[in-house]
Every structure is written in structure tokens, then in C-alpha cells.
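Trainee: So you can see what is in the structure, the chains are spelled out below.
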Amino acid sequence: MADRVRTYPGTRKPTPHQGHGKRNCVKVLERLSAYLDDELSGVICKEIRAHLGDCPNCEVFLDSLRQTVQLCRHRPSPPLSQDDRANLRRQILKAAATA
Amino acid sequence: MAARKKSRTDSHDDSDVALSTSAPFDQLYRDHVDVMYRFAYRLCGEAEAAKDLVQETFLNAYRAYDRFRGDAQISTWLYAIASHACQRMRRKRKGEPERELSLNEFVPTSEGEFALQIPMEGLSPQEALENKELRQILDRAIAKLPRKYRMVLVLRDMEGLSAKEVGGILGLNERAIKSRLHRARLFVRKELSGKELAREFHQDVATGRR
Numbered sequence: 019m020a021d022r023v024r025t026y027p028g029t030r031k032p033t034p035h036q037g038h039g040k041r042n043c044v045k046v047l048e049r050l051s052a053y054l055d056d057e058l059s060g061v062i063c064k065e066i067r068a069h070l071g072d073c074p075n076c077e078v079f080l081d082s083l084r085q086t087v088q089l090c091r092h093r094p095s096p097p098l099s100q101d102d103r104a105n106l107r108r109q110i111l112k113a114a115a116t117a
Numbered sequence: 668m669a670a671r672k673k674s675r676t677d678s679h680d681d682s683d684v685a686l687s688t689s690a691p692f693d694q695l696y697r698d699h700v701d702v703m704y705r706f707a708y709r710l711c712g713e714a715e716a717a718k719d720l721v722q723e724t725f726l727n728a729y730r731a732y733d734r735f736r737g738d739a740q741i742s743t744w745l746y747a748i749a750s751h752a753c754q755r756m757r758r759k760r761k762g763e764p765e766r767e768l769s770l771n772e773f774v775p776t777s778e779g780e781f782a783l784q785i786p787m788e789g790l791s792p793q794e795a796l797e798n799k800e801l802r803q804i805l806d807r808a809i810a811k812l813p814r815k816y817r818m819v820l821v822l823r824d825m826e827g828l829s830a831k832e833v834g835g836i837l838g839l840n841e842r843a844i845k846s847r848l849h850r851a852r853l854f855v856r857k858e859l860s861g862k863e864l865a866r867e868f869h870q871d872v873a874t875g876r877r
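Protein chains in written order, with the working numbering: chain A, 19 to 117; chain B, 668 to 877.
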């Protein structure tokens, strides 16, 4: 994995993220679903939060991804009518009996 | 049976069904048909194909009922049967290979693209979904997803199952489920944040037509 950079004690810079080059944004974007679903360790969450605080682009991107998930969650689908429920049951039992 | 020309809309008369000893099936059907239809509709995007899928699902469940070991929740077992039936039915219809979604195609290449937003204007998801264009673009985006990504998105984000449950249903590990889910969400986000929707949404809000 390209984003797994080995660090050695004492060589790590004090800020959790290092600049806002595209590469850092890409690393964050790769993990945004896991971040939204609360699947990441505390350390990684903190790094992502620090990046988001300094990078409006990624913040906006995260918002739109969160909205996407919410829209999917709340999209209703039409119910099955009583007639269709009864007709389907009849067809299933007929097919089961003739097989 | 032919003499009994009952209306097809008479939902209470099931006596013409050959199997009279279908009590366990009836219970299964009654308890789960609505959830399975909702799932099928979300996968297929339209009513007729969804009904075909529900029929196929319960027929397979009827035949396999004796083999249901009870070590999974019955709803999870039905989701698995429906998912397999959906894969088989689609394979029959068109044999083209599925497109893989790569993360690279979702990385914005410009500031403008980065800043694209879904035009929800502080509305709740329910309020935003009252907008017809937004609903249509959401539905079209889900329908456009390659099937293996759509299945994961529907099961996780629409049906609300856990990654572990979805892994069990599709026979994949959680890592694969999470990877597909992320790509599927990125795909739908990209479609929803397009400029066309923003323009139409603003027009509708301005004219009070939602």
C-alpha cells in the first residue's frame, strides 16, 4: 500500500499531516467512508480531522459524501400492493407445485 | 378450478392454490415479502423486474426451506437467496463483463471539481428527496452502478445491514465489502454533485416547485 509510510522515532514532524499536496488529499479521500462509518483507529481519525480542518476542499468533499449516504438511507421505495402480494404468492406456490 | 373464475384482485381467496399445506411458507412469505420487495426494487429499479426477483427468491426459499439450518437470521438467508437470484437473472439477460470502479476516477482534478456540492441547501435528506430531479439523479446513479457495487451499496446504505452481514450474504470478506462500498458511494456522490442538478434544484426552489 502506497499510503503506508514507515516512520522512525524522532523523524516524524510535529504536525500529523504534512502540507496539503494532492497526495495528502488522496490519502484522506481513500479513507472517508471508513471515517464516516467510524471504522478507523483514534490516531488515524485525528490525522484526518487535522487535515480536514486545514483543507476546505476535503471538508466539502466529506460533506457531500456524508449527504450521499444520508440520501441513500432515506430514499423510500414503493410498497408492494395487496393485489401484487396475493398474486405473487399464488404464482410462487403454483411454480413450486409444478416443478 | 376453472369454474371458479375469481377476480385476480381478490387477495383473500387463495384456495385455488394447489398446495394447501403451505403454512410455514405462508408465515415466511407474510413476514418477509415486503422487505424482499423493497430490496428487489432497489436492486432492479423498477416494479416488474422486482416482482420477478421476489418470485424467484421465495420459490428458491420454498425449495430450500428444509436445508435452512437456522444459524443465520432468516432475513439474512433471504437476502442471500435474493442476491444470488439477482446475479443469475442478470447474467442470463446480458453477458457483458462488469466494469471495475477505480478510486482514481473519483479523485477531483481541479479546485472547481473539488468544491462541487450536492445542492441540499441545509435541507434534511427527507426534505431534499422531495425534489424530483434529485430523486431521479440518485436513482439513475444507483442504477448505473455496476451490479457488484450496487449490491453492496443497497445492502449497506439502503437496507442498513452491517459490513459483516453483507460479507456473509455475498460470500466476501469485510475488507472487500468496505472497498466496494466506498467506490459505490464515490460514484453516486459524483453523479449527485454534477452541475446539472445544482441548476435544476435552484430553479425549483426559486419557483417553489419541489
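Honestly, the hints are just simulated from the structure, not real lab data.
Don't take each hint at face value.
Keeping only pairs whose Cα atoms sit at most 30 Å apart, straight-line, the calculated DSS-like set for lysine-lysine is [what the hints assert, rightly or not]:
| id | chain 1 | residue 1 | chain 2 | residue 2 |
| --- | --- | --- | --- | --- |
| 1 | B | Lys-831 | B | Lys-845 |
| 2 | B | Lys-811 | B | Lys-718 |
| 3 | B | Lys-718 | B | Lys-815 |
| 4 | A | Lys-40 | B | Lys-857 |
| 5 | B | Lys-799 | A | Lys-45 |
| 6 | A | Lys-112 | B | Lys-718 |
| 7 | B | Lys-831 | B | Lys-718 |
| 8 | B | Lys-815 | B | Lys-799 |
| 9 | B | Lys-831 | B | Lys-799 |
| 10 | B | Lys-831 | A | Lys-64 |
| 11 | B | Lys-857 | B | Lys-815 |
| 12 | B | Lys-811 | B | Lys-799 |
| 13 | B | Lys-799 | B | Lys-718 |
| 14 | A | Lys-45 | B | Lys-811 |
| 15 | A | Lys-40 | B | Lys-799 |
| 16 | B | Lys-718 | A | Lys-45 |
| 17 | B | Lys-845 | B | Lys-815 |
| 18 | B | Lys-857 | A | Lys-45 |
| 19 | B | Lys-857 | A | Lys-64 |
| 20 | A | Lys-64 | A | Lys-40 |
| 21 | B | Lys-857 | B | Lys-845 |
| 22 | A | Lys-64 | B | Lys-718 |
| 23 | A | Lys-64 | A | Lys-45 |
| 24 | A | Lys-45 | B | Lys-831 |
| 25 | B | Lys-845 | B | Lys-718 |
| 26 | B | Lys-815 | B | Lys-831 |
| 27 | A | Lys-40 | B | Lys-845 |
| 28 | B | Lys-811 | B | Lys-845 |
| 29 | B | Lys-799 | B | Lys-857 |
These stretches of chain A come out as covered by chain B in the derived footprint (C-beta under 8 Å, 3 or more residues) [said to hold, decoys possible]:
| id | segment |
| --- | --- |
| 30 | 57-68 |
| 31 | 78-90 |
Partial chain A-side listing against chain B, Cβ under 8 Å, derived [claimed, not checked]:
| id | residue |
| --- | --- |
| 32 | Val-44 |
| 33 | Ser-51 |
| 34 | Gly-71 |
| 35 | Asp-72 |
| 36 | Asn-75 |
| 37 | Arg-103 |
| 38 | Leu-106 |
| 39 | Gln-109 |
| 40 | Leu-111 |
Source: prediction; values computed, not measured.
Idealized CB from N, CA, C, for every residue including glycine.
Trainee: Looking back at the hints listed earlier, which ones does the structure fail to meet?
Mentor: The structure breaks hints 5, 9, 15, 16, 22, 30, 34, 35; every other hint is satisfied.
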